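Enquirer: Here are the chains, one letter per residue:
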Amino acid sequence: MNKFCKLLTMVLLLVASQAAHAALNVFSCEPVWAALAWELGGDKLNVYSATTALQDAHRIEARPSLIAKARSADLVICTGAELEIGWLPLLLTQSGNGKIQPGTPGFLEASSFVLKLEVPRLLDRAQGDIHSAGNPHVHLDPHNIAKVAAVITDRLSQLDPANAATYQSRGKEFQDRWAQAMQRWEQEGAPLKGLPVITHHKNMTYLIRWLGMREVGNLEPKPGLPPTAGHLAELFSNMQRDPAKVILRTPFQDARPSELLASRAKIPAIVLPYTVGGSDKAKDLFGLFDDTIQRLLQAAK
Amino acid sequence: MFKFHAAIVAAVLALGLPQLSHAASDAELQAIREEIKQLKQSYETRIEALEKRLQEAEAKAGQAETSAAKAETAAAAASSRPATESTFNPAVSLVLQGTYNNFSKDPDTFRIGGFIPAGGEGLGKRGFSLGESELNLSANIDPYFRGSFTAALTPENEVEVEEAFFQTLGLLNGLTLKGGRFFSGVGYLNEIHQHAWDFVDAPLAYQAFLGTGARGNYSDDGLQLKWIAPTDLFIELGAEAGRGKNFPGSDRNKNGIGSAALFAHVGGDIGTNYFYRTGVSYLWTSPRDRQFNDLDSAGNAVVNSFSGDSRLWIADFILKWAPNGNATVTNFKLQSEYLRRIETGTLDFDMNGAGMLGMPVAGGYSSNQSGWYLQGVYQFAPRWRVGLRHDQLQAGTVNIAQVLNGTLTPQDFPTLLGHTPRRNTLMFDYSPSEFSRIRLQFARDESRPDGVKDDQLLLQYIYSLGAHRAHKF
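Chains A and B, in that order, are what the protein sequence lines are.
Per the working numbering, residue 1 is the first one in the first sequence, and the count goes up by one each step.
Per the working numbering, residue 1 is the first one in the second sequence, and the count goes up by one each step.
Just so you know, these hints were derived from the structure itself, not from any lab.
None of these values were measured; they are calculated from a predicted model.
Do not rely on the hints blindly, as some may be mistaken.
Covered stretches of chain A, going by a simulated chain B footprint (3 or more residues, C-beta under 8 Å) [said to hold, decoys possible]: (1) 48 to 55; (2) 62 to 68; (3) 84 to 90; (4) 224 to 231.
Backbone N, C-alpha and C fix where the C-beta goes; we use that ideal spot for every residue, glycine too.
The following block holds chain B by itself, in its conformation from the complex:
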């Protein structure tokens, strides 16, 4: 190409302007030579510069590769962990708690007037006392199931299996199946462990109707199926079937189902500051020979026994407020549950013949009793909360055939004499961190029979260590 151009140029010069070309061609040729020399030089410098840059870029790329390789090994080293037996450790957590109690009346003589006693855990001991230490282990078992185990170690050195259940993970369409021993999903407070409560003790209505005792929950051995609707509004339906061995049921030697429960809950957000959940539940149990101690009218200790059907209805409601939904600095919660229990069956008076009649007397029994509690807890500073609770029970109607037909008198069933148990509780708690809490609680308890008033002061510590526990709503 160059040669061709050169030829054209030469021909033009030769044929074009002969007189000029002779003189001009020398100067032009010189100029062209200069130009070409300059072009060559500039291209050479440019090529040199480009080569240098290419060398530098290659070097940098080489460096980048080595550091990338280093980073990879570092990341691999950081992410690898030695494979030992304990590689798949479950989440382990332990709750330590204890109280200092001051009861003006003997806690061992505590009964709720007007209601068949459940025989659950009592109020606690006067003075310093260790509470229940709660150990929980939970982990995913495989892609389909999760397991959780909670043992309560009592200060009396007993180990109780509070919860031990499996739960499905892989079911679709909002279904979850739970099986084993678990806290029943009826009501609101029942699914919450005692160390997460806002007061040291359970509401009176739970103690009277669910037999939780002052510090327990109603649990059953069985199955629970929960379904959550595919809606933006939270709608949960649940059904349980179980053994029914705990009060208000009794442990029976029978095939089939000893207790059944149904519940439905609805919940959601109201604006950005309010969050609620409300629902109704139903629990059916069928106790046989559910015994309790009482005194007859002559003061003899007798053992009575109820057999029949027990039906419990619960309506529950909780509303939480936090500014913009941020509960860190201040928040408030308002919580209430209403319980109504209807029991029908037979009541055997004085099973052991230790009373003044010297022999058992059986008769029909029916009761329709109710109770409720309302509590509010306000966090007024990042670590400080104050709470107020009112408990009230109505003994309602209790029909005992032996009393109605005159064989016995109402004074032969002093525990069941009509009464309106009431209690007011005030608490303050201070939480240095999410894992520690100290609570001071005052209560004026008027739930004992005969209007006996008990002034209670409780100081409690609750500490949890190990895996982070869940923030249940």
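The following block holds chain A by itself, in its conformation from the complex:
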């Protein structure tokens, strides 16, 4: 009888502890939002990122492992603005999960909470694979990350009211640290003002605007089309009048076009981490911008 009571107590405690520790499942489309969710929720969350820093979010397929993860998710955090249009809608309809459909609290489209640049006036695929709501690569301006962090904090508190106090305090603490870090980056990045750059794809727009740099061209002839020899030659001749100082690309982009133009124009071609995990130093959000600014300063010398 005594043993039975002990066993029953242990079982009840185990069950109670499981219920109390039911972490919120967060499915993030890109590593940057996974890193942000982790900063804001810590071990109260099970965070999963659908893509890695080495993958182009435009080209992902709704593969089985993603469907399985979406099925169990409580909150989906994606960039939106048609960045994931090729696979996220299919994931959501195939997941059999009514909690994460657009319009529910479990669906968070980060880019809808920030001001988007380059909203196209003409919606025509002759202009390339353009996004109708504007440039979706919003995470490279840390002010946008602060805005999205505030939304995520409120959403986590809404979905998991039991831990709302933790989320609010972590959120405030993150905003303070982030504000200090932004000041520091803006000071460190002051020498980069006016730096003319060429990017592979139009996915660094927000970084360029934040640091006051100048985008003088893209390796892609139109957004979404692979770089061609003809277009690289055109860029090279344009550089006689309007020179660029550095060519920027991400870890998931083909190195060859950057290196071809770099060797012809005698300017450096560098890789920016672009998102969390994109380099050894970019282990978290702070490291991402630290490393980005360091690499840019190094190349601008």
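Once you have looked at the hints, place chain B on chain A.
Expert: What follows is chain B alone, placed relative to chain A:
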């Protein structure tokens, strides 16, 4: 307070050092007066400066307020849209395609030797030919349902409803219910639309067992329930019930279910570079009077009919590779399916009495036939892919009672004579963007009866416009 202090100071001075205080008090008083004057001046300048700063700050705050208000109106203007009837437009997309075909043998006489013909769409026409234009409209209906409609407009000016279904959105626990007309979830390739295939035509096994014809899919009118397990490993179980009107079934005038299907799929990631899905499926249909044309041993055109049960098993497998999971520059996929169909029932020979016996002859029928295909497609540059496919079918065992008891000969069923249809296909495709593709395909087709070989050259274009289509795995 000041007065009190002043009083104390005065008293001390008066009572303290009278001799010094007289001479000192004047100088001290003067010094104190100077100090106070200086303090007053410095405080005044400081207060003035503070007031100035406060004024500037207020002005800036006022400016900030106006620009914030402006920004708000701008944002509101940008986000507002005129409310018209077309505000909730569904996603509309259209696929345009066409081919140039070069067949060494007449495509109209195409049959797969050893298998009851399905009567589906043929190989196509020699020369230039428009393909099927596919129009899709889809949208969320309300928080609970999503709808999708796909019409195929054939070059012969017919409109076919390829898919028209609703799908639940709000169910929980991994369940999705789909209803209407849809491509069955059996196998792997069947749920993929023809314009998204890696080859111009369907595998021989699909044509023989699912009656898809060269360019179609097996679809049914009915319901499908899918369940995804709450595990990190992708486990999907599905069940379908439907009318069963398409080959291998037939359209019947009966209550209840004409076809049923079950399938189970498992999938996931292996490391960061490999992604797979594999599964088994089962399809049961129950055709009555499923007719096909043949020739009897004297060369007369006869119409035969099968009635009975048809059971199909499919095992499917697909493996995709991309360096670090990034398929943009290079990627590879390996895909294979194995099908086995067992049919039992009765086969009526010569329904119309046009054969040499002049009358129909009925008898029992059973068949156990199988087939498979294996294909690999490699993208070696951002826009270029090459693919190789091998198709093979085994006619297996076909027991026709009329032949076994000697009433008729095997030559009275020339289409069903034992044969091992084979085909090898090589393709190259070039995709200027995600929405356009041009394909060149060569095939050596040995699936016709009597070992007749057909050399095929197909040039195809596939263009899609409108809403962005989904990247199905």
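Enquirer: Each hint should be assessed against the structure and marked as holding or not.
Expert: So, going through the hints one by one against the coordinates:
Residue count for the region 48 to 55 of chain A with a Cβ under 8 Å from a Cβ of chain B: 4. That meets the three needed, and the coverage hint holds. Coverage of the region 62 to 68 of chain A by chain B holds [criterion: at least 3 residues with CB-CB distance below 8 Å; count 6]. Counting residues of the region 84 to 90 of chain A whose beta-carbon sits less than 8 Å from any beta-carbon of chain B gives 5, enough to reach three: the coverage restraint holds. Coverage of the region 224 to 231 of chain A by chain B holds. Counting CB-CB distances below 8 Å, 3 residues qualify, and the rule asks for three or more.
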